[in-house]
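With chain E held as given, fit chain Z onto it using these hints.
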Amino acid sequence: MRSYLHIKGKRLWKCCALISIAIILACCGEIITGVDQPATATVGSVVPITVHINIPTVGNGGPDYLIFGFLVPKGWKAAQNTTITYNGPLGSGTMNLIPAGTVAKNGGGLDWPAYMKKTFQIGGNLIDDMEWVAYQSDKAYPHSDGNALSGDLNIKIKMGADGNNTLVKLGYVITDTGNGFTSDSNGTYYSEKVTDCFELTGGTGDLVDFCNPQLTTINPPKSLDNDIITLTFDGTVVDTKLIQGNPTETYLCATAYTSDGKTISVCEQTDKTKMVQTTSNSKKYQITFWPKSFFGTTGTQTITKIEYFITDKTGATKVGYGNTDAPFVYTFKCS
Amino acid sequence: MKKNNIFYQINLLLIAVATILMASCKTEKPLSVAEPVKDITGSWQVIRATRNGTDLTSIIDFTKFRVNFKAGAYNLENKLPFLVDADGQYSLDDPKYPFKITFTATGGTPVATPFTYPIVNGKRQLTITFSPGCPNNSYVYVLQKTN
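Heads up: the protein sequence lines correspond to chains E and Z, in order.
Position one of the first sequence corresponds to residue 193 (our numbering), numbered consecutively onward.
Position one of the second sequence corresponds to residue 6 (our numbering), numbered consecutively onward.
Hints listed in this document are in silico derivations from the structure and should not be mistaken for laboratory results.
Keep in mind that a hint or two might mislead.
[Unchecked claim] 25 Å max Cα-Cα, derived SDA-like pairs, lysine to any residue: (1) 525(E) with 356(E); (2) 361(E) with 237(E); (3) 69(Z) with 490(E); (4) 350(E) with 141(Z); (5) 361(E) with 57(Z); (6) 266(E) with 84(Z); (7) 266(E) with 135(Z); (8) 309(E) with 145(Z); (9) 69(Z) with 460(E); (10) 350(E) with 140(Z); (11) 297(E) with 383(E); (12) 266(E) with 61(Z); (13) 497(E) with 57(Z); (14) 525(E) with 139(Z); (15) 310(E) with 84(Z); (16) 269(E) with 224(E); (17) 84(Z) with 496(E).
[Stated by the list, open to error] Label-pair restraints from in silico Cβ distances: (18) 35(Z) with 302(E): 38 to 48 Å; (19) 37(Z) with 527(E): 51 to 61 Å; (20) 302(E) with 80(Z): 40 to 50 Å.
[As the list claims (entries may be wrong)] If you want a taste of the chain Z side facing chain E, the calculated C-beta under 10 Å gives, among others: (21) 54; (22) 120; (23) 136.
Ideal Cβ positions, reconstructed from N, Cα and C, are used throughout, including at glycine.
Here chain E stands alone, though its shape is the one from the complex (with noise of 0.2 Å):
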């Protein structure tokens, strides 16, 4: 049979291999070459996700841990709702939570979940709420003579236990028990993925969007009215009738909802409601305040939500709900 490849020169064939050997030797970290997760899923399904792994190896070295962390919002706590199992040419087992508090090599000290956050943050989602889950495997590999170790982490979640629609981010990344999130002169010894957009759908609480920017947060995230919560009106996601003329101030029109069913409505456009321009130009206006004491509720009245709109200093000019009349709402509750 004769060959379609043709490389003239017994020399070409020589720089070619080495360069190929170059480029093999000069990988030796952990990485992960693809994900398959679905794009959407409903509240309460349990959701297969497989993360595709590579070890490419130098030398010898070892025998390490593979470490895993997973990128998810807190309210669906993961930890309880997620099993991982591994397999690959050199067997299979599974992935264990890393009890909290076990310190990370080359972590400064902090465990797996705090160094993974403080090294890829949230993984480009918009809301701090989230949290990195660390498992390491059962198993320890050798890093030996060159070979390239692959597999497949095998995830299943129990989606939302939080019950709320979300729109999300996912991440993933994997280093080993041995060198942690650090490269040096043989490569880079993690790989972080993090996916598109990933919807979940079906719930019965409020949407909580990760992914895209909002005209109005609330920090913290979850609260209740005894917090002292900083609500943020951000003008530069979309144009809007209140930002024309960049006024240095904007007011908070609110209403409240308590448990004994009364409303405590506060729209006045005083220092109390001003809300306050972060830094000139920024199109940014911020107020913090302690709900309680905002809406003026007795003792025994707890606010369950509250409705809103952002005004102009006369009152007249109202935004609401993504830029439309309806007002924003948030609900307070700590799940």
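Structure of chain Z alone, referenced to chain E:
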């Protein structure tokens, strides 16, 4: 002969010096210093406050909020989120080495929290960590006596 005399005198002098040096040594008896009882009686105000690590001091008006401790009782003025939302009794776990303070609002259940009591710039400070709303939201108030 004269030389011998000088040696004799030097020897005498050395013995005298050695005797004086030895006599000057005596066992020192350390004075026992009693650890003072930590007294937090007085009116305290918030000088620094954080929520989940974010500084709130300049964006919430803490200037009027007071926690007053007196004879085992406390009361709150110009309320803000705190461990308790009503006046009542307080106690420390140890009067000399307190690590925990317990507030019991009248008619309520006791709420305990770890606290520190350092001296900063010559003034006592009281640092209290608590979660008045969702358990995941942690607040730290640093209080200082108003007078």
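Outcome of the hint check:
Taking the CA atoms of residue 525(E) and residue 356(E), the gap is about 12 Å. The hint holds against a cut of 25 Å. Taken as a hint, the residue 361(E) and residue 237(E) pair is honoured in the structure, with Cα atoms around 18 Å apart against an allowance of 25 Å. A threshold of 25 Å between alpha carbons decides the hint, and for residue 69(Z) with residue 490(E) the separation of about 20 Å falls inside it, so the pair holds. As the CA atoms of residue 350(E) and residue 141(Z) are separated by approximately 22 Å, the hinted pair is consistent with the 25 Å bound.
This hinted pair checks out: residue 361(E) and residue 57(Z) have alpha carbons roughly 23 Å apart, not beyond 25 Å. At roughly 31 Å between alpha-carbon atoms, residue 266(E) and residue 84(Z) are farther apart than 25 Å, so this suggested pair is violated. Under the criterion of a C-alpha separation no larger than 25 Å, the hint pairing residue 266(E) with residue 135(Z) is consistent with the structure, at around 21 Å. Annotation: proposed proximity of residue 309(E) to residue 145(Z) holds, straight-line Cα distance about 22 Å (limit 25 Å).
Straight-line distance between C-alpha atoms of residue 69(Z) and residue 460(E) comes to about 23 Å, which keeps the hinted pair within the 25 Å bound. Taken as a hint, the residue 350(E) and residue 140(Z) pair is honoured in the structure, with Cα atoms around 24 Å apart against an allowance of 25 Å. In summary, the hint linking residue 297(E) to residue 383(E) is supported, as the alpha carbons are separated by about 16 Å, within the 25 Å threshold. A threshold of 25 Å between alpha carbons decides the hint, and for residue 266(E) with residue 61(Z) the separation of about 24 Å falls inside it, so the pair holds.
Annotation: proposed proximity of residue 497(E) to residue 57(Z) holds, straight-line Cα distance about 22 Å (limit 25 Å). Between the alpha carbons of residue 525(E) and residue 139(Z) the distance comes to roughly 8 Å, so the proposed pair stays at or under 25 Å and holds. At most 25 Å may separate the alpha-carbon atoms for a hinted pair to count; residue 310(E) and residue 84(Z) exceed this at roughly 36 Å. For the proposed pair residue 269(E) and residue 224(E), the alpha carbon gap of about 24 Å is at most 25 Å, so the pair holds.
For the proposed pair residue 84(Z) and residue 496(E), the alpha carbon gap of about 21 Å is at most 25 Å, so the pair holds. Hint check: residue 35(Z) to residue 302(E), Cβ distance near 43 Å, so the stated range 38 to 48 Å holds. Roughly 55 Å separates the CB atoms of residue 37(Z) and residue 527(E), a value that falls within the hinted 51 to 61 Å. At about 42 Å, the beta-carbon gap between residue 302(E) and residue 80(Z) stays in the expected band of 40 to 50 Å.
Evaluation of the residue 54(Z) hint against chain E yields a held restraint, the C-beta minimum of about 8 Å falling below 10 Å. For residue 120(Z), the interface hint is violated, since its Cβ never comes within 10 Å of a Cβ in chain E; the closest pair sits about 20 Å apart. Using the Cβ-Cβ criterion of 10 Å, the hint placing residue 136(Z) at the interface with chain E is satisfied: the shortest such distance is roughly 9 Å.
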